[in-house]
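> In case you want the letters, here they are:
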Amino acid sequence: MRQSSVIARRVAAASVSLVVAAGAAACGPKDNDAKSSGGDSEPHKGGTLTVLNSNPQSDFDPARLYTSGGGNVPSLVFRTLTTRNRENGAAGAQVVPDLATDTGRPSKNATVWTYTLKKGLTFEDGTPITSADIKYGIERSFAAELSGGAPYLRDWLIGGADYQGPYKDKKGLDSIETPDALTIVFHLNKPEGEFPYLATQTQFTPVPKAKDTGTKYEEHPVSSGPYKVVKNENDGERLTLERNTHWSASTDAERKAYPDKIDVRSGLDSSVINQRLSSSQGADAAAVTTDTNLGPAELARVTGDKELASRVGTGHFGYTNYIAFNPKVKPFDNPKVRQAISYAIDRTSVINAAGGSSLAEPATTYLPNQKSFGYTPYDHFPAGASGNAAKAKAVLAEAGYKNGLSVTLTHSNSKDFETSPEIATAIQDALKKAGITVKLQGLEENDYSDKIHGAKTEPGFFLAHWGADWPSGGPFLAPIFDGRQIVKDGANFNTGFLDDKSVNTEIDAINKLTDLGEAAKRWGALDKKIGEQALTVPLFHPVYKRLYGKGVKNIVISDWTGVLDISQVAVK
Amino acid sequence: MSEALAASPAPAADFSAAGASGARQFWRRLRAQRAALVAAAVVALLVLVALAAPLLTAVEGQDPTTYHPSLVDSARGGVPVGPLGGIGADHWLGVEPQTGRDLFARLVYGARVSLGVAIAATLVQVLIAVVVGVSAALGNRWVDQVLSRMTEIIVALPLMIMSLALLAIVPGSFPRPVLVALVIGLIAWGTLAKIVRAQTLTLKQLDYVAAARLSGWGTWRIARRDLLPGLAAPLITYSALLVPMNIGVEAALSFLGVGVKPPTPSWGQMLTAADVWYQAAPQYLLLPAGALFVTVLALTVLGDGVRTALDPRAASRLRVGTGRRGEARADAGTAAGTDPLRPGTPADGTKEATA
Chain E
1 MRQSSVIARR VAAASVSLVV AAGAAACGPK DNDAKSSGGD SEPHKGGTLT
51 VLNSNPQSDF DPARLYTSGG GNVPSLVFRT LTTRNRENGA AGAQVVPDLA
101 TDTGRPSKNA TVWTYTLKKG LTFEDGTPIT SADIKYGIER SFAAELSGGA
151 PYLRDWLIGG ADYQGPYKDK KGLDSIETPD ALTIVFHLNK PEGEFPYLAT
201 QTQFTPVPKA KDTGTKYEEH PVSSGPYKVV KNENDGERLT LERNTHWSAS
251 TDAERKAYPD KIDVRSGLDS SVINQRLSSS QGADAAAVTT DTNLGPAELA
301 RVTGDKELAS RVGTGHFGYT NYIAFNPKVK PFDNPKVRQA ISYAIDRTSV
351 INAAGGSSLA EPATTYLPNQ KSFGYTPYDH FPAGASGNAA KAKAVLAEAG
401 YKNGLSVTLT HSNSKDFETS PEIATAIQDA LKKAGITVKL QGLEENDYSD
451 KIHGAKTEPG FFLAHWGADW PSGGPFLAPI FDGRQIVKDG ANFNTGFLDD
501 KSVNTEIDAI NKLTDLGEAA KRWGALDKKI GEQALTVPLF HPVYKRLYGK
551 GVKNIVISDW TGVLDISQVA VK
Chain W
1 MSEALAASPA PAADFSAAGA SGARQFWRRL RAQRAALVAA AVVALLVLVA
51 LAAPLLTAVE GQDPTTYHPS LVDSARGGVP VGPLGGIGAD HWLGVEPQTG
101 RDLFARLVYG ARVSLGVAIA ATLVQVLIAV VVGVSAALGN RWVDQVLSRM
151 TEIIVALPLM IMSLALLAIV PGSFPRPVLV ALVIGLIAWG TLAKIVRAQT
201 LTLKQLDYVA AARLSGWGTW RIARRDLLPG LAAPLITYSA LLVPMNIGVE
251 AALSFLGVGV KPPTPSWGQM LTAADVWYQA APQYLLLPAG ALFVTVLALT
301 VLGDGVRTAL DPRAASRLRV GTGRRGEARA DAGTAAGTDP LRPGTPADGT
351 KEATA
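Going line by line, the protein sequences match chains E and W.
Quick note on our numbering: the first sequence kicks off at 1 and runs consecutively.
Quick note on our numbering: the second sequence kicks off at 1 and runs consecutively.
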C-alpha cells in the first residue's frame with residue numbers, strides 16, 4: 001500500500017508545481033489579475049484554454065488515477081462525492097460536497113458513512129447519475145487491470161482486501177450499499193473520521209456500467225463534469241475537452257468552467273513550458289500549466305522583469321523535506337547524536353540549495369505549516385537560521401564524541417532538487433562546523449528509493465520527503481510513525497522504526513474523530529510529541545511558483561493542491 | 001613549414017643514433033610551429049594551475065566547498081549578489097548561484113579532475129593498446145584473430161553508454177576519479193590498439209628486426225628492444241589527441257551525473273549545474289565552458305603539432321610502401337590520418353634522403 005503512496009506523492013509533487021497565484025497565498029490572485037489585464041479583470045465565458053504540461057495524462061481512467069483531491073484536469077470531467085474547496089490558500093484545504101448534498105454522515109464510531117446525491121445530476125448523454133453508478137465506479141477500481149489508485153479503499157472497506165472487481169465478481173462489494181437511487185452507504189472495517197477526504201478521489205466518480213469498456217474506458221470516459229473528452233491522442237499526450245452540455249452549474253458550486261474548450265498538450269520540457277508562458281505569444285497567452293513550476297534560475301530571471309513577475313502565482317502544498325535517521329544503525333541509535341545533528345543544521349544553506357527563500361520555507365516541525373494539518377509550531381532543538389555548532393558540539397561531547405565523528409549521508413543523484421546532491425553538500429558543509437565529518441553516498445534514484453524503503457537495506461542517515469494524499473495529519477503521520485505499519489519485507493515507510501504504544505493508541509483515537517478541526521489539533525500535538533525523539537530533522541517545506549499566460553484571469557490556488565485550479569480560470 | 005621540414009636532413013641510418021637524432025628533429029619541427037608552441041604554453045599553464053590549486057585558492061583566501069549564504073539573493077532563487085555574479089576582491093570569478101561557493105576555487109580544483117582523469121585514462125588506454133596491439137601482431141594467427149576481433153568489438157562499443165552503465169554499477173565507495181579514469185581507459189583503447197598492431201606489423205618486416213630474429217633473439221626481447229622504440233612516435237601522437245578527447249568524455253560523464261561526486265568540483269559537473277542559469281547568471285555557465293574549450297583546443301592543437309612534427313610524410317611528402325605496409329595501413333582504418341611512421345627508421349631515412 002505504501003508503495004502507492006510514493007506514486008501519490010510524486011503525482012502530488014508534480015501537480016504542486018502548478019501553483020500560479022499572485023504573491024503569496026495571503027495576497028489574493030485577483031489583485032494580480034486586475035494589474036495584468038488592465039480594465040476588464042472580470043472573468044467571462046468563452047475561448048480556449050491551453051494547458052502546457054510535461055507529464056501526459058497517460059491514465060485517464062478514474063479507477064487508475066491517483067490524485068490528491070480529484071486532480072486538476074481529471075476534475076473537469078469527473079465529479080466525485082466530495083471535492084476540495086476551490087478557494088485560495090487555507091480555505092482551499094477544506095473538503096466540500098460535490099455530487100453529494102454534504103460531506104458524509106458518519107455513524108457507529110465513524111465506521112459507517114452515508115451520502116445522498118443531489119437531484120437532477122446527469123452524465124454527458126443525459127442519463128441520470130445514480131448511486132449504483134458510483135458503487136460500480138468504486139468496484140471497478142478493484143480490478144487488477146485497472147489498478148493504480150490509492151490503496152485506502154482496499155484497506156478500509158469491509159471485504160475490500162479480497163475483492164477482485166466487478167469483471168470477475170459479478171456480485172459486487174457488500175460493504176457498499178445503495179438502498180435507493182440517491183443514497184450510498186459505506187461500511188468500513190475500522191473508524192475513519194477522514195473518509196470525506198478520501199471521497200474526493202476519482203474512484204468516487206460515477207461510471208455507467210453499460211458504457212464501461214474496461215481498459216479502453218479511459219479513451220472516452222463518460223463525463224459527469226463541465227467538460228467531456230472529445231479527443232485523446234497519443235495515450236493522453238494531447239487531450240481536447242469541450243463543454244458537456246448536460247452539466248449544470250446549478251448543481252455544481254465548485255467548478256466555474258469559463259473557457260469553452262480546453263486543449264491539454266503534454267510531453268513538453270519544463271524549460272520550454274516556462275519559456276512559452278513567459279513570452280505568451282499567440283495561443284500561449286491563454287495558457288497555464290498544471291505540472292511545472294519555476295526553478296531557481298527561472299525565478300531569478302522572472303523576478304527581474306516586472307511584467308513577468310506579475311504573472312507568477314504562489315502555492316503551498318502539504319509537503320516536508322527532512323533528514324531521516326535509522327536508529328538501528330550506529331551511531332544514530334544514540335538520541336544525542338541525532339539531537340546534535342538537529343542543532344547543527346544550517347537551514348539557510350539548505351534552503352538556498354533548494355532554490356532560495358521564495359521556493360522553500362524553513363521547517364522545524366514534521367507536519368507542514370498549514371492549519372488543516374494541525375500545524376503546531378515547535379523547535380525542540382533550535383538551530384537558528386544557520387545552525388548552532390557550539391550547542392551541537394556540546395551535545396556530541398555528552399554522547400561521548402568529544403573529538404567529533406564521521407557519518408555517511410545517503411542521497412539521490414537525481415537532479416530533482418528534493419534529495420539532490422546540492423542539499424546533501426549543504427548539510428555536509430554545516431555539520432563540518434560542528435565537528436561532524438559527512439561522507440556523501442549518492443545513489444541512482446530507483447536504487448535510492450528501494451534502499452531507503454527496505455527495512456534491511458535502510459541507511460542510517462539520509463534525505464527524505466513526504467507529502468500527504470489529502471491535507472490532514474493522518475496520511476502524514478500514520479504511515480511514518482505508526483509502529484504497526486513497519487513492514488519487514490517490502491516497502492516500509494516507518495523509517496525510524498518507531499513502535500510506541502502511546503503513539504499507536506493516539507493514532508487510533510484520532511481516526512475515530514469526525515470533527516476534522518478537532519482531529520487536526522490532536523495530530524499537531526502528536527507531531528510535537530514525536531518530534532522530541534529526533535527521529536527526523538525537518539528541513540523545509542517547498543513553495544511553488546507558477547507562471548501563467550498574459551490573458552489568463554481568475555487565478556485560484558488552494559493549499560490542498562498548491563496548483564492553479566483550471567476549473568476556475570477564464571481566458572476572456 | 002613543411003618546406004623547411006622537407007629540407008631537413010635525414011637521420012642517420014645507424015639506428016643506435018636514431019633515437020637521439022629523432023628527438024632533436026622532433027623538437028626542431030615542433031618549435032617551428034607557432035600555434036603548437038602557444039598551445040604548449042597554455043597546456044603548461046593549465047597543468048601548473050591544476051598542480052598549484054591549493055596554493056592559488058589560499059592566495060585568494062577561499063576554498064571550493066564552503067558555502068556563503070550571504071552572497072546570494074535567496075528570495076530570487078539564489079542568484080549571486082552584486083554585478084557580474086559577485087566578482088570582487090574576495091571572489092575573483094564570483095560565486096556559484098544558490099550556494100555562494102567560490103567559482104575561482106571550484107574552477108582551479110576542477111582543472112585537477114579534468115586533467116588528472118584525462119591523463120590517467122590516456123595512460124590506461126596506451127598500456128592496453130600496446131599489450132593487445134603488439135601481442136596481436138607478434139602472436140600466431142589465432143592470437144591475432146582473437147585479439148583483433150576483440151579490438152573491433154571494443155571499437156564498436158558506444159563509449160558513453162558503456163561508461164554510463166559501468167559507472168552506475170560500481171559501488172559508491174570506490175574512489176570516483178580513479179574509477180572514471182579506469183572506465184574511460186578500459187573502454188576507449190580500440191583504435192589505438194589497431195594502430196599499434198598495424199605499426200608493429202610494419203616494423204616486423206624491416207631488416208633489422210629480421211636480423212635480430214636470425215641472430216636468435218626471442219620474441220619478447222625483439223618486442224622490447226626493437227619494436228617498442230619504433231612504436232613511440234605513433235603512441236605519442238595519438239595520445240596527444242586522446243587527452244583532449246578524454247577530457248570531453250569526463251566532462252560529459254560528470255555532466256550526466258555519473259562522473260566525480262560532489263562536493264569535488266569538476267568542469268562537467270559545473271556545466272550541468274549551470275545550464276539552467278545561462279540567462280540569470282551567465283558567467284556561471286561561461287567559466288567552465290570556457291575552461292573546457294581552451295583546454296581541449298590547446299591540447300588538440302598541441303597534439304596536431306606533435307603529429308606533424310613526428311610525421312615524416314609531412315616532411316618528405318613521399319609515400320613508398322611495401323605490400324605489407326599497405327595492408328597495415330588499411331588495417332588501421334579510421335586512423336589512416338594519424339598513421340605516422342617512426343622517423344629515424346632506416347626505411348624512412350632512405351626515403352627522406354632520396355627526397
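Just so you know, the hints here were simulated from the structure itself, not pulled from any lab data.
Be careful, since some hints might not be right.
Stated by the list, open to error - Derived coverage of chain E by chain W (criterion: at least 3 residues anywhere in the stretch with Cβ under 8 Å from a Cβ of chain W; other residues may be distant):
| # | stretch |
| --- | --- |
| 1 | 163-175 |
| 2 | 342-352 |
| 3 | 355-367 |
| 4 | 423-433 |
| 5 | 438-445 |
Computed from a predicted model, the values in this text were never measured in an experiment.
Glycine is no exception: its CB is placed at the ideal position from the N, C-alpha and C atoms.
> For every hint, state whether the structure bears it out.
Hint by hint, here is what the structure shows:
1. 163-175: violated (count 0)
2. 342-352: Three-residue rule met by the stretch 342-352 of chain E, so holds; n is 5.
3. 355-367: holds (count 5)
4. 423-433: holds (count 6)
5. 438-445: holds (count 5)
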